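All chains should be modelled from the sequences, with the hints used to inform the complete structure.
When we follow the numbering used here, the leftmost residue of the sequence shown carries the number 1, and every step to the right adds one.
These aren't lab readings, by the way, just hints derived from the structure by calculation. Treat the numbers as computed from the prediction; the structure is a model and nothing was measured. We put the beta carbon where it would ideally sit given N, CA and C, even for glycine. Hints should not be assumed to be uniformly reliable.
Between beta-carbon pairs, the in silico distance windows are [what the hints assert, rightly or not]: (1) Gly-25 to Leu-60: 27 to 35 Å; (2) Asn-56 to Thr-18: 18 to 26 Å; (3) Asn-56 to Phe-27: 18 to 26 Å; (4) Leu-60 to Pro-21: 28 to 36 Å; (5) Gly-24 to Thr-59: 26 to 34 Å; (6) Ile-20 to Gln-58: 17 to 25 Å.
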Amino acid sequence: MAEHILHDRPDDVAGGVTLIPSSGGVFEVTYNDALIYSKKAEGRFPDHAEIDALLNSQTLNGK
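Below, the structure written as C-alpha cells:
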C-alpha cells in the first residue's frame, strides 16, 4: 500500500510515508494527522482505489 501511494501520489506525500508497526489487527491510514481509514472500524482492509478516493477527497478539500 505504501509503495503504491509513493509511486502514484508523489505530490501528496512529499514528506514521505511512515509505516508504524502495530498489533491486534490494526491498520490505519492517516493524512495530515487526520484518520481517513481504520480497518478496525470498517472490519476489512482497504483496496488501493478506496485509499486513492479518500486521499482525493482530502486533497480536494485542502486538508
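For each hint, the structure was consulted:
1. Distance hint check: the CB atoms of Gly-25 and Leu-60 are about 30 Å apart, consistent with the given range 27 to 35 Å.
2. Between Asn-56 and Thr-18 the CB atoms are about 21 Å apart, so this pair conforms to the stated range of 18 to 26 Å.
3. Taken as a hint, the range 18 to 26 Å holds for the pair Asn-56 and Phe-27, whose Cβ atoms sit roughly 20 Å apart.
4. One distance hint, 28 to 36 Å for the beta-carbon pair Leu-60 and Pro-21, holds here, with the actual separation near 31 Å.
5. At roughly 30 Å, the beta-carbon separation of Gly-24 and Thr-59 lies within the given 26 to 34 Å, and the hint holds.
6. As the Cβ distance of Ile-20 to Gln-58 is approximately 19 Å, the hint placing it in 17 to 25 Å holds.
Against the hints set out earlier in the document, no violation occurs for any number.
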